[in-house]
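A.B. asks: Below, each chain spelled out in residue letters.
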Amino acid sequence: MTIDSYRFLNFASRQVMKAWAARQEAGVIPFAPLRKPLSECTVALLSTAGIACHGDQPFDQEGERRNPWWGDPSYRTIPLGSTEKDVRLYHLHIDPRFAEADLDVVLPMRRLQELADEGLVGRPAPTHYSTMGYILDPEELVSKTAPAIAERMRSEGVDAAALVPI
Amino acid sequence: MTLSWIPDLTRAVGVPRLAGIGYPPSRCLGRPHDADGQRAVLRGTLELLESAPGPDTYVELPFVWPETPAQALAVSKDVPLPPITQLC
Chain A
204 MTIDSYRFLN
214 FASRQVMKAW
224 AARQEAGVIP
234 FAPLRKPLSE
244 CTVALLSTAG
254 IACHGDQPFD
264 QEGERRNPWW
274 GDPSYRTIPL
284 GSTEKDVRLY
294 HLHIDPRFAE
304 ADLDVVLPMR
314 RLQELADEGL
324 VGRPAPTHYS
334 TMGYILDPEE
344 LVSKTAPAIA
354 ERMRSEGVDA
364 AALVPI
Chain B
268 MTLSWIPDLT
278 RAVGVPRLAG
288 IGYPPSRCLG
298 RPHDADGQRA
308 VLRGTLELLE
318 SAPGPDTYVE
328 LPFVWPETPA
338 QALAVSKDVP
348 LPPITQLC
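Protein sequence lines correspond, in order, to chains A and B. Using this note's numbering, read the first sequence as starting at 204 and increasing by one per residue. Using this note's numbering, read the second sequence as starting at 268 and increasing by one per residue.
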């Protein structure tokens, strides 16, 4: 690995992230071979930027303020075609202003549509997804949120998902 | 597949296909309104779907952030610190 993963972090964040990485155990890593050419695949995006559409319930920031060890493990759906004008970011560990200027920096739906138009992928899924990435205890994320997202993806014929941790 | 600006941590978790990128957090597809740059990053990530031979495939995207870390951090210096920092 030649990329310095910690280059853009301040000293304290760097130490925390390095310690976190050292604690991980990868276990058995799943792998699903692509069953059709990429040019025929329906692709969904999932960003951890804490994106919620106007009118949807925000990610619970007050809960995290009350208990800073807790992060909201739920998810939101983002319809294809939504833009920065249609959403807000609810994530206390990132700078939301970049995505609020251009949503594609964290959830690249317009770029995905362009790559479908040029034939690299088949089509964008009708629905895309966001979680809020600050979750120290992943139990509910793994047992409830991820299966629910996967089920929704399956129901829309999604062949592949691109995850964008922020 | 996963696109990560912190590939050391993401790879430690264990993912099937990982594209690492040397970009700062909060904008790992690229700068706002840089459609060409964002599209190149997404293209490199999606191509892993066909090229990855098996689990734990890791590639590094060849893009370089146009600011120093100090410059990238300075842009966000007025963002409030997260609640957990008040406990430290």
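No lab work stands behind these hints: they were computed from the structure. The beta carbon of each residue, even a glycine, is placed where N, CA and C say it ideally should be. Careful, some of the hints might be misleading.
Some chain A residues near chain B, calculated using beta-carbon distances under 8 Å [to be verified]:
no.: 1; residue: Q218
no.: 2; residue: A222
no.: 3; residue: Y293
no.: 4; residue: D307
no.: 5; residue: I338
no.: 6; residue: E342
no.: 7; residue: E343
no.: 8; residue: L344
no.: 9; residue: V345
no.: 10; residue: S346
no.: 11; residue: A349
Distance ranges between label pairs, derived from CB positions [claimed, not checked]:
no.: 12; chain 1: A; residue 1: G230; chain 2: B; residue 2: E327; range: 19 to 27 Å
no.: 13; chain 1: A; residue 1: P236; chain 2: B; residue 2: V346; range: 26 to 34 Å
no.: 14; chain 1: A; residue 1: D340; chain 2: B; residue 2: D323; range: 20 to 28 Å
no.: 15; chain 1: A; residue 1: P329; chain 2: B; residue 2: R310; range: 19 to 27 Å
no.: 16; chain 1: A; residue 1: D263; chain 2: B; residue 2: L348; range: 26 to 34 Å
no.: 17; chain 1: A; residue 1: P236; chain 2: B; residue 2: D303; range: 17 to 25 Å
no.: 18; chain 1: B; residue 1: T335; chain 2: A; residue 2: R238; range: 24 to 32 Å
no.: 19; chain 1: B; residue 1: T335; chain 2: A; residue 2: A353; range: 35 to 43 Å
A.B. asks: Determine for every hint whether it applies to the structure shown.
C.D. replies: Tested hints:
A cut of 8 Å between beta carbons decides the hint on Q218/A: the least distance to chain B is about 11 Å, and the hint is violated. Of the supplied interface hints, the one on A222/A is violated, with its beta-carbon coming no nearer than about 10 Å to a beta-carbon of chain B, more than 8 Å. At its closest, the beta carbon of Y293/A sits 12 Å from a beta carbon of chain B; the interface hint therefore is violated under the 8 Å criterion. Interface hint status for D307/A: upheld, as the beta-carbon distance to the closest one in chain B is roughly 5 Å, under 8 Å.
Interface hint status for I338/A: violated, as the beta-carbon distance to the closest one in chain B is roughly 12 Å, over 8 Å. With 8 Å as the threshold, the beta carbon of E342/A stays out of range of chain B, its nearest partner Cβ sitting at about 15 Å, so the hint is violated. Here the hint on E343/A is broken, as its CB sits about 17 Å from the closest CB of chain B, past 8 Å. Interface restraint check for L344/A: the shortest CB-CB distance to chain B comes to about 12 Å, outside 8 Å, so the restraint is violated.
Taking 8 Å as the C-beta contact cut-off toward chain B, the hint placing V345/A at the interface is violated, the least distance being around 11 Å. With a least beta-carbon distance of about 16 Å to chain B, the hint placing S346/A at the interface is violated under the 8 Å criterion. The restraint placing A349/A at the interface with chain B is violated, with a minimum CB-CB distance near 13 Å, outside the 8 Å limit. Checking the proposed 19 to 27 Å range against G230/A and E327/B shows it holds: the Cβ atoms sit about 24 Å from each other.
Judged by the Cβ atoms, the range 26 to 34 Å given for P236/A and V346/B is violated: they are separated by roughly 41 Å. Under the hint 20 to 28 Å, the C-beta atoms of D340/A and D323/B, about 25 Å apart, fit the expected range. Between P329/A and R310/B the Cβ separation comes to about 22 Å, which falls inside the hinted range of 19 to 27 Å. Under the hint 26 to 34 Å, the C-beta atoms of D263/A and L348/B, about 19 Å apart, miss the expected range.
About 31 Å separates the C-beta atoms of P236/A and D303/B, a value inconsistent with the hinted range of 17 to 25 Å. The hint said 24 to 32 Å for the Cβ distance between T335/B and R238/A, and at roughly 44 Å that hint is violated. Roughly 40 Å separates the CB atoms of T335/B and A353/A, a value that falls within the hinted 35 to 43 Å.
Checked against the numbered hints above, the structure violates hints 1, 2, 3, 5, 6, 7, 8, 9, 10, 11, 13, 16, 17, 18; every other hint is satisfied.
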